[in-house]
Amino acid sequence: MNYIKELNEPQALAVQTVEGPVMIIAGAGSGKTRVLTYRIAYLIQKGVDPFNILSLTFTNKAAKEMKERIAKVVGITEARNLWMGTFHSVFSKILRAESDKIGFPANFTIYDSDDSKNLLKTIIIEMGLDDKIYKPNMVQNRISSAKNSLINAIAYKLNQDIQADDLEARRPKIGVIYEKYVMRCFKASAMDFDDLLLKTYELFHQYPDLLHKYQHRFKFVLVDEFQDTNFAQYAIIKQLSALYQNICVVGDDAQSIYAFRGADIGNILNFKKDYPELKTYKLEQNYRSTKNIVAAANSVIEKNKNQLEKIVWTDNSEGSKIQVIKATTDNEEGNFVAQSIFNFRMNHQLANKDFAVLYRTNIQSRAMEEALRRLNIPYRVYGGLSFYQRREIKDILSYLRLCVNHNDEEALKRIINYPARGIGKTTLDKIIVAAAENEISVWQVLENIKKLDIKLAPAIVKKIDEFRQLIHGFEIMIRQKNAFDAASFIASSSGLLKDLYSDKTPEGVNRYENVQELLNGIKEFTENNKDHSDGNFLPRYMEDIALLTDADKDEDDEKDRVTLMTIHASKGLEFPYVFVVGLEENLFPSQLSINSREELEEERRLFYVAITRAMQQLTFSFAQSRFKYGNLIHSDPSRFLHEVDESYLDFAHAGNQQRVFQGKKIESGGLNLNSYSIPAHSHLKKVSIASKSSTKGDPVGSFKAGLEVMHARFGKGKIVSIDGNGDSKMATIKFEKDGEKKLLLKFAKLQVVKD
DNA sequence: CCAAAGATTGTCACA
DNA sequence: CAATCTTTGG
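According to our numbering, the first sequence is numbered sequentially starting from -11.
Check each hint, because a few of them may be wrong.
[Claimed, not checked] No farther apart than 25 Å at their CA atoms in a straight line, the calculated lysine-lysine pairs in the PhoX-like style are these: (1) K382 x K486; (2) K616 x K123; (3) K123 x K89; (4) K123 x K145; (5) K(-7) x K270; (6) K443 x K418; (7) K(-7) x K60; (8) K418 x K401; (9) K270 x K293.
[What the hints assert, rightly or not] Simulated restraints on C-beta separations: (10) V497 x E587: 41 to 47 Å; (11) L620 x E586: 58 to 64 Å; (12) V497 x L338: 51 to 57 Å; (13) L231 x S521: 32 to 38 Å; (14) P366 x K(-7): 39 to 45 Å; (15) L146 x P446: 46 to 52 Å; (16) F477 x L198: 38 to 44 Å.
Hints in this document: simulated from the structure, not taken from any laboratory. Don't be surprised by glycine CBs; every beta carbon is placed ideally from N, CA and C.
With the hints as constraints, model all of the structure from the sequences given.
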């Protein structure tokens, strides 16, 4: 256990205190993953059976990575037996194992939020309600937060407060919609994401002996990212650890950013009330960022009232100040950021992957993408439309889903007429009505289409029967073949592949490729699970995939690209150079958040998360106007810019210096005009962005290939080639010591040695 | 039943 | 603006 020596004092205590309730408050960059890894390794080396350890993480990827790290300490065989995964994936496993207790088949489908929204929309229309009043999104949120508070449909209708709320909002029927929705999911043998929590809780609540079984099984419970757990998740953790009380939660209240989907920061703030015996350890030393960044982050987060006391500090170097870039429009902002990345990269010999651009909303990626593309800087956008949400992917998965679970109504609706087989909307509506009237699943209507008295033309009935037989044939196929063979067979003989292949537009080609990519994924799954009997069958694959997100998809992380993502998606990551863009009122903080202290504090925590991703250098940017709904709107700089102590900031000009130097005023609500003059000795001058003046003197024009030159850091070298124009003119130079490097002539300060 | 044109509406983050 | 939904005419 040599690794204990690698830890600082609170880290070591957090690793070695394994009995009883423990809370680890892990400041940003304080080595949390390390502590968690070693804690589990320590448990195992102390003789705890890995089978008895449950570790809940935020993403599947985090679980996988941690398992690998633990395997390095204790060996792969031990690590493999750990129960490790997201709440949703662990609970879905339990629910499948115990499904008979709650009347579901073990192969139940997991509806994603699109599926459940569609179902809600169907129900609302069926009930004759106006979907302008009962907006599916709104109804879905309402039901989701009820489930996250462990309020089922019956409780919802009985709860006076909720009913009063709904009545006042003139939406008294939400309870009824909820009830019907639950019934429809049940008939479809489907659960939504929230059900995985609610039903796990209810299962344990209803069957104490079963709870007991799992309490014994999970003698040690660890929860990562505890600040982002919701009421239901916390309730289940409490149930599970009630017997042994070996519960360890890890988190940082300052990074709680998921209240919008039900996360309750109160769980971490009030944890001690539930466990008076609690031992708390605070990891306050930051190993990630410079002093300047840590201090700036602290100066922001201290504005929040609702937080646990802690002092994050660092031994790292001072670092540079935070650059602030002002742009006139969102497009200009993109150009400045791209140019700035280009300059930093050339000036400091950095890789693209050292950079991240973080934004509040996904739409902001577009301006950034365009600008980066213009400068030929490779990038990768995370988030946005998920791979699994793409039309063609959902289509093919719907075929697979329907084969695994015939009752899956949403899957059936999606594919019964795709590719077109003459079963249109009218027919489908009749079938769905028949299903609701007879209280059976939609599939069961298809099976009994002749017996049921539905007014359908014989030709249509024949088509429906053909569809039913098609799916039935696939089902038999699934039992006989492995996941890949079955899936590729289904993809082609359903006609789906052919349909996609016939579309030769760029989008069509892309769709076809996406389906191929999915099939490749299934192939990989099949290969990986060859040895397990039945382990490579399609139903097993379908269980895995429902809870996967893009973050879990294996990507070629090797490629050297700039990262573009939302701040939410950046949680837990770090980058040497970080740009936080769009720092404008009504965007960040979001317009929807500025009316309540709680929501504003969450936005501030989000800002804190953004700042603390940076290791070396941080840059803020904002635009004075940006496009929204197609028209240009004026934006004021974010209040958050004022909240960072000014001594940590450096105000650079993003272009239009002339304007400021000519004394033109910045619109009211802007930052102090004086802050915008460049301090005479600022290093920013050297990296000043897109300054047009420097093209004039052109110190870069006289270099050409073949010249022998001298560089301050790399020594003697020979110019291989020159590319680009103006400020972005750069030279590929072969240095005697370090080999070939690309340098921006503007910064390289080369001296000619010999012609 | 389907394709194309026209109208609408929303955008905050996500497992 | 752009994606999605609705209407219309064939």
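Hint by hint, here is what the structure shows:
1. K382 x K486: Given that 25 Å is the threshold and the Cα spacing comes to 16 Å, the pair holds.
2. K616 x K123: holds, 23 Å
3. K123 x K89: Distance ~34 Å between K123 and K89 Cα, so the pair is violated.
4. K123 x K145: holds, 19 Å
5. K(-7) x K270: holds, 18 Å
6. K443 x K418: With Cα atoms ~8 Å apart, K443 and K418 stay inside 25 Å; holds.
7. K(-7) x K60: Satisfied, since the Cα-Cα distance of roughly 17 Å is no more than 25 Å.
8. K418 x K401: Holds, at about 12 Å.
9. K270 x K293: holds, 19 Å
10. V497 x E587: 41 to 47 Å: holds, 43 Å
11. L620 x E586: 58 to 64 Å: violated, 32 Å
12. V497 x L338: 51 to 57 Å: violated, 35 Å
13. L231 x S521: 32 to 38 Å: Once the Cβ atoms are compared, 34 Å apart, the range 32 to 38 Å for S521 and L231 holds.
14. P366 x K(-7): 39 to 45 Å: holds, 41 Å
15. L146 x P446: 46 to 52 Å: The hint (46 to 52 Å, Cβ to Cβ) holds, given that L146 and P446 are roughly 48 Å apart.
16. F477 x L198: 38 to 44 Å: holds, 39 Å
Taken one by one, the earlier hints fail for this structure at numbers 3, 11 and 12, listed in ascending order.
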